[in-house]
Amino acid sequence: MGRVAISLARRYYSGGGVALTADRYPWVTRAPHLSRIEDKHVAAFERLLGPSGVITEEEQLDGYNTDWLKMVRGQSKVVLRPKTVEEVSAVMRSCSEGKLAVCPQGGNTGLVGGSVPVFDEIVLSMSLMNNIIKVDPVGGNVWCEAGCVLEAVNTHLEKFGLMMPYDLGAKGSCQVGGNVSTCAGGLRLVRYGSLNANLLGVQAVLANGDILDCMSGHRKDNTGYHLRQLFLGAEGTLGIVTGAVISCPTLPTSVSLACLGLDDFSKVLTTLRTSKRILCETLSSCEVMDDTCMDAVANKLGLKPPLGSHKFYMLVETHASNPQHDGDKMDAFLQELLACGDVEDGTVASEPSKMNALWQIRERITEALSRDGYLYKYDLSLPHEKFYEIVHVMRNRLRGVKAAKTVSGFGHVGDGNLHLNVEADAFDQEILEMCEPFIFDWTQKNGGSISAEHGIGFKKAKFMGKYAATGKASLSTMRAIKTALDPNGILNPYKVLPPA
Amino acid sequence: MEDYKFLFKVVLVGNAGVGKTCLVRRFTQGLFPPGQGATIGVDFMIKTVEIGNEKIKLQIWDTAGQERFRSITQSYYRSAHALILVYDISCQPTFDCLTDWLREIEEYASSKVLRVLVGNKIDRDDREIPTHVGEDFAQRHNMYYLETSAKESDNVERLFMQIAAELMEQARSKELPRYDINSQNINRRTTTIGDSCCSRSS
Ligand SMILES: Cc1cc2nc3c(=O)[nH]c(=O)nc-3n(C[C@H](O)[C@H](O)[C@H](O)COP(=O)(O)OP(=O)(O)OC[C@H]3O[C@@H](n4cnc5c(N)ncnc54)[C@H](O)[C@@H]3O)c2cc1C
Ligand SMILES: Nc1nc2c(ncn2[C@@H]2O[C@H](COP(=O)(O)OP(=O)(O)OP(=O)(O)O)[C@@H](O)[C@H]2O)c(=O)[nH]1
Ligand SMILES: [Mg+2]
Chain A
0 MGRVAISLAR RYYSGGGVAL TADRYPWVTR APHLSRIEDK HVAAFERLLG
50 PSGVITEEEQ LDGYNTDWLK MVRGQSKVVL RPKTVEEVSA VMRSCSEGKL
100 AVCPQGGNTG LVGGSVPVFD EIVLSMSLMN NIIKVDPVGG NVWCEAGCVL
150 EAVNTHLEKF GLMMPYDLGA KGSCQVGGNV STCAGGLRLV RYGSLNANLL
200 GVQAVLANGD ILDCMSGHRK DNTGYHLRQL FLGAEGTLGI VTGAVISCPT
250 LPTSVSLACL GLDDFSKVLT TLRTSKRILC ETLSSCEVMD DTCMDAVANK
300 LGLKPPLGSH KFYMLVETHA SNPQHDGDKM DAFLQELLAC GDVEDGTVAS
350 EPSKMNALWQ IRERITEALS RDGYLYKYDL SLPHEKFYEI VHVMRNRLRG
400 VKAAKTVSGF GHVGDGNLHL NVEADAFDQE ILEMCEPFIF DWTQKNGGSI
450 SAEHGIGFKK AKFMGKYAAT GKASLSTMRA IKTALDPNGI LNPYKVLPPA
Chain B
0 MEDYKFLFKV VLVGNAGVGK TCLVRRFTQG LFPPGQGATI GVDFMIKTVE
50 IGNEKIKLQI WDTAGQERFR SITQSYYRSA HALILVYDIS CQPTFDCLTD
100 WLREIEEYAS SKVLRVLVGN KIDRDDREIP THVGEDFAQR HNMYYLETSA
150 KESDNVERLF MQIAAELMEQ ARSKELPRYD INSQNINRRT TTIGDSCCSR
200 SS
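Those protein sequences? They're chains A and B, same order as listed. In terms of numbering that gives the first Met the number 0, the first sequence has 55 at position 56, counting the first letter as 1, and numbering is strictly consecutive. In terms of numbering that gives the first Met the number 0, the second sequence has 23 at position 24, counting the first letter as 1, and numbering is strictly consecutive.
Be careful, since some hints might not be right.
Said to hold, decoys possible - Calculated cross-link-like contacts (lysine-lysine; reagent style DSBU-like; alpha-carbon spacing at most 30 Å): (1) Lys69/A with Lys299/A; (2) Lys275/A with Lys46/B; (3) Lys353/A with Lys150/B.
No wet-lab data here; the hints were simulated from the structure.
Please model the complete structure; the sequences and the hints are all you need to start from.
Quick look at the structure:
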């Protein structure tokens with residue numbers, strides 16, 4: 000594979016001019032029962048973690064308070080960096096006793112404002128818990144601490160001929176604990192399935208400091224409730240994930256990647272079907288992006304477009320074990336696309352540098368779109384026939400709005416997951432009101448989900464009541480679980496669940 | 000549905016730097032790209048041409064000349080209707096390699112494939128391979144021969160149009176099955192690919 004790491008590090012000078020969440024979203028109010036942090040708390044944390052485990056310097060706090068998209072900014076005064084599960088446990092016991100709120104943070108690449116505090120919650124950074132505990136090459140499992148960066152785990156697994164079952168553009172920064180907590184989907188879900196199947200174990204510290212250890216890592220384990228699943232997509236509201244066991248597929252020995260140019264969305268859908276039919280068990284990714292996305296990566300990041308101009312571009316990847324077989328299937332696939340006229344122009348390679356260059360174009364779209372302005376980002380699951388329609392709908396809707404620069408769509412078309420983007424020069428209240436709740440209403444009306452893979456976080460929490468795909472009873476069950484595990488509401492407050 | 004009667008796959012091969020990509024871009028886009036980089040993998044595109052009121056779709060496959068970029072290109076030979084083997088008339092080694100290329104073609108391509116030898120870059124004044132040497136080689140190996148300049152647009156159009164015309168003739172005289180619009184409506188799978196190729200490409 001040998002893909003080049005994309006550094007997602009952003010500059011956070013004095014909050015980068017990002018408005019405080021408390022100012023931009025005045026409807027959210029600080030929970031009165033939560034304590035404010037005092038010097039005595041900081042001193043206690045320093046005793047638990049040592050001085051290097053506690054950050055209180057203003058300049059250093061900015062990065063932890065501001066999210067990747069620069070749409071929310073908290074006001075935390077303290078960042079804690081535990082190194083062991085025992086330290087996390089001690090911190091949580093102390094926070095529980097003092098009724099201090101905690102915001103767990105992984106790589107801070109989340110796109111829904113879940114990974115930074117809303118007010119003064121303590122940031123619990125998992126970055127120093129980054130040991131890969133062990134690999135079982137026979138069973139194909141990896142045990143790792145929550146703060147391991149996805150790409151680092153992948154690099155380690157290569158030595159065993161294994162790979163992580165998911166991959167995303169944020170791989171150089173996002174952490175396994177964050178991936179579990181958001182139930183990250185990514186670029187290969189179409190082949191390897193979701194974390195629902197691939198997460199074999201979790202270790203978590205509960206709100207009261209108890210350590211829950213479900214790290215046996217059996218592929219099959221029906222002894223009672225499937226507790227590990229509770230932490231999938233919990234976004235830090237039910238416990239601190241400190242470790243995980245992930246089931247890892249075999250690293251493919253033959254990889255090919257085709258980039259295709261298409262001029263009509265219906266052709267994207269027939270190409271998806273053709274890819275499933277002909278590439279079949281070798282298909283490992285099927286992604287789409289529109290011309291606006293291609294223009295953004297070309298113009299803002301200087302990446303070279305691989306083909307002539309088209310309305311849509313697809314990336315279709317195969318993972319296989321035999322180059323001859325892989326090549327033959329890919330050839331048959333491309334022949335058919337050219338014969339039926341769905342594809343006008345394309346390129347295919349199995350050379351790592353070329354494949355990497357093609358992937359960069361897809362993976363860096365969000366970076367390009369959010370580069371010099373504000374990005375309104377929506378992550379929708381939609382029936383395939385509705386997949387791209389919302390992009391046209393929003394273009395029409397925002398036609399007269401001067402501050403809105405572009406509306407674009409890309410995403411995991413194989414999974415029916417669209418990333419809808421509205422690019423503006425700066426945050427603009429009018430655009431926000433044109434988008435929300437309109438996009439959520441449209442999505443619901445068309446049988447979609449308002450969060451496919453990014454989660455609810457802070458940004459969508461207030462819409463959960465109305466749009467949670469699963470309805471009212473599910474919301475009350477979620478609340479019951481939350482209350483049972485976190486009676487004082489200290490774990491990532493204001494996130495996921497709407498205010499009661 | 001699209002209105003064309005014939006669909007042919009044309010594959011360009013030959014050493015790195017002989018001008019395959021420039022020939023294709025000259026033909027498909029009418030330009031000579033400045034600073035054309037090495038091809039990695041295979042690029043493919045569709046160009047529709049018209050010969051005597053018949054629409055013919057050419058699928059053009061531009062392969063990488065550099066060995067290390069060619070890992071999966073062999074699969075792409077198999078279903079080719081025509082192969083264009085290119086060398087650079089100002090570079091002896093690209094001519095010397097032709098026998099290696101022919102060996103590969105024998106191994107992977109259909110025996111019925113139309114083979115065309117092209118000496119490119121005739122605009123250059125440092126020619127190393129005289130025309131008759133190229134011609135002789137082509138004759139000995141049962142290939143058509145043409146000299147071109149992608150830069151000056153010499154013979155490029157002619158190269159592809161002659162291939163299209165020849166393939167159309169072959170197809171008409173039942174060598175290749177006709178592209179049948181009606182069968183495409185029932186089943187999107189095309190049947191243009193020569194029978195021998197079909198049975199070989201899974
Ligand atoms: C360029 C780019 C591409 C992306 N592509 C994809 C994609 O294809 N698919 C996809 O699903 N997502 C994608 N994302 C979103 C994001 O990367 C994922 O949600 C990722 O899983 C977040 O991991 P993280 O470590 O950065 O978590 P963070 O952003 O730090 O946190 C995310 C949430 O999880 C909680 N959390 C983090 N760590 C823990 C822990 N140890 N215990 C408890 N709670 C925790 C946080 O409180 C927060 O609510 C992308 C983001 C970017 C910037
Ligand atoms: N003078 C002259 N130069 C040419 C001509 N055709 C191509 N070139 C030059 O030859 C070089 C290589 O051309 P390409 O088209 O990239 O060669 P290629 O055969 O595709 O090479 P690979 O992709 O590496 O296999 C470029 O610098 C071109 O500008 C021509 O007709 N005349
Ligand atoms: Mg080339």
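Task: Pair hint Lys275/A and Lys46/B, alpha-carbon separation not exceeding 30 Å - done: Judged against 30 Å, a Cα distance of about 27 Å means the pair holds.
Open item on the list: Next pair to validate is Lys69/A with Lys299/A; report whether the Cα-Cα distance is within 30 Å.
Closed with: 18 Å, holds
TODO: Starting from Lys353/A, check that the Cα of Lys150/B is at most 30 Å away, please.
DONE: With Cα atoms ~26 Å apart, Lys353/A and Lys150/B stay inside 30 Å; holds.
The earlier numbered hints are all upheld by this structure, with none contradicted.
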